[in-house]
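**Student:** Assembling the complex is the task here: the two chains are given apart, and the hints tell you how they should meet.
As they're listed, the protein sequences go chains A and B. Position 80, counted from 1, in the first sequence is what our numbering calls 197; the numbers after and before it change by one each time, with no gaps. Position 56, counted from 1, in the second sequence is what our numbering calls 62; the numbers after and before it change by one each time, with no gaps.
Hints may contain errors.
Coverage of chain A stretches by chain B, computed from C-beta distances (three or more under 8 Å per stretch; other residues unrestricted) [to be verified]:
id, region
1, 190-200
2, 250-263
Not the full set, but computed from the structure, chain B residues with beta-carbon under 7 Å of chain A [unchecked claim]:
id, residue
3, Leu-14
4, Ala-67
5, Gly-68
6, Ser-71
It should be emphasised that the hints constitute simulated quantities derived from the structure, not laboratory data. All C-beta atoms in this analysis are idealised placements derived from N, C-alpha and C, irrespective of residue type, glycine included.
Below, each chain spelled out in residue letters.
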Amino acid sequence: MHNLKTITALGGTEARVDAFAHITIVENDGVSLASVAARLGKEKKCHTILKKLLGAVPEAGRAELHDPEAGFWMGPDQWMIGAPRATYELLADDLKAKFGDAASVTEQTGAWVCFDITGPAMPDFCERICPVPIRRMVAGDARRTVIHHLGCFVIRREADDHIRILGPRASAKTLHHALLTTAQAMA
Amino acid sequence: MIINHPLLGPRDSAEFTYLGDAKLIDRPDAASENAAQEFYEYAYLRDNPAGWHKELWFHEAGDRSWLVVTRNTLTHEISKVELARDVARSRGRSK
Chain A
118 MHNLKTITAL GGTEARVDAF AHITIVENDG VSLASVAARL GKEKKCHTIL
168 KKLLGAVPEA GRAELHDPEA GFWMGPDQWM IGAPRATYEL LADDLKAKFG
218 DAASVTEQTG AWVCFDITGP AMPDFCERIC PVPIRRMVAG DARRTVIHHL
268 GCFVIRREAD DHIRILGPRA SAKTLHHALL TTAQAMA
Chain B
7 MIINHPLLGP RDSAEFTYLG DAKLIDRPDA ASENAAQEFY EYAYLRDNPA
57 GWHKELWFHE AGDRSWLVVT RNTLTHEISK VELARDVARS RGRSK
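Same shape as in the complex, but just chain B (with noise of 0.2 Å):
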């Protein structure tokens, strides 16, 4: 499986580690009043899609970015590569 990295071009897959669901950039904020609940789901409930899917991946043999990779599940096509914080940004994280 190859991704293609949007600041180093294609590289091997085996050049990262993966996390997970890209879910886990929407922390729900600790100070809400239903911050337990918004935290057990955070932490527990999982979409387990037989398709597309967005995950994090670490490019740990590289540049050491957060990835956001659009994959599906079932054929490991790749449709969309991005870097983790410009998601982040542009859901109002991080500024």
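Here chain A stands alone, though its shape is the one from the complex (with noise of 0.2 Å):
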């Protein structure tokens, strides 16, 4: 029997947590991804399956959050939906199962690093790693956009000091230095 030991995108054991006095960096290894793109002329009932998902399909650079399952818009007729990991690991099947030949879905879990930034300085931060309007935005506002030449997603959460930002896994440590880097530079 094999004994293997699950690690983060970071590579630890476990999930980071990088502390400073104006902004908290963590990385959230406890989310569950699974995309959904709306197949040709399914698209109504693709919104159907959705809405009940979701409470509400969400529009053009939006999010809806809730609880367990969330989900943002990333193009048109596509969309993320997430969940917490230890309950949801098999997202991307157990939508499947809901939404049938209405849309294709995608396990993104593990194409993913999700950071959680905090602080009250979190929208300085924002500014100086990213072109989103941070200031303008509001909760459950999402975005993709370049945070060091990698395309993330920046999510506006509920909490005002609160964004999270999904990058590309493949290049977490890359993302995290830049995040760090950009942390130290301000304190």
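**Tutor:** The following block contains the structure:
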């Protein structure tokens, strides 16, 4: 029997936490992700299922922040669905069973690294790393942008000082380095 | 230069990459009799207008949608921005 230990995107056995006086960067290892893309001609059916799942279909540039399943708009007829990994490890399979032939569902947990940024300096921090208009964004706004040459999603969460960043998992350490450097430069 | 994305609003052109003439949407039918000639024209022949030009832009640092942007190549004025898939569908494609 193999005795395998799971590691986080940054390679640790526990999620990394970097706390500064003004900003806290937490590697969030507890998110299950799957993308949903409506199939041609099945858009209406897909919307109905999404509405049942999330309470509403996320509009362009928006997220539905719900418990346990939340979702945000990625592009025309495409959404990313997230849920706690502890209870929804097989999220993509669960979603495929729900959507059937209305949408193509792709497992995304292994493709993204998730960082939660909190603290009073969050807007200043965000302005230094990417060109999203963070001060005009409200809770539930989601933007795809570029951080340190990496395509990332930035989602403004319910707490006023909280953003969630999803970046490419294969470049998790690069992204983490960029976040750390920025936080240190602001101290 | 600002591109007014039909879904996301005004965005800096640095978020986009440029592909070229929007005529690329009109891919010839490979089964047609003149397919060789049509593909030759499709692949190699382009107008290079000084003035209004319909062109394809990709929102790489955004929602990754393809847009058809009508741009004046002399002034960089942009008069119209559409989703490329809407343009393609209006011409009977992807149905």
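**Student:** Okay, which hints does this one fail, numbers in order?
**Tutor:** Failing hints: none at all.
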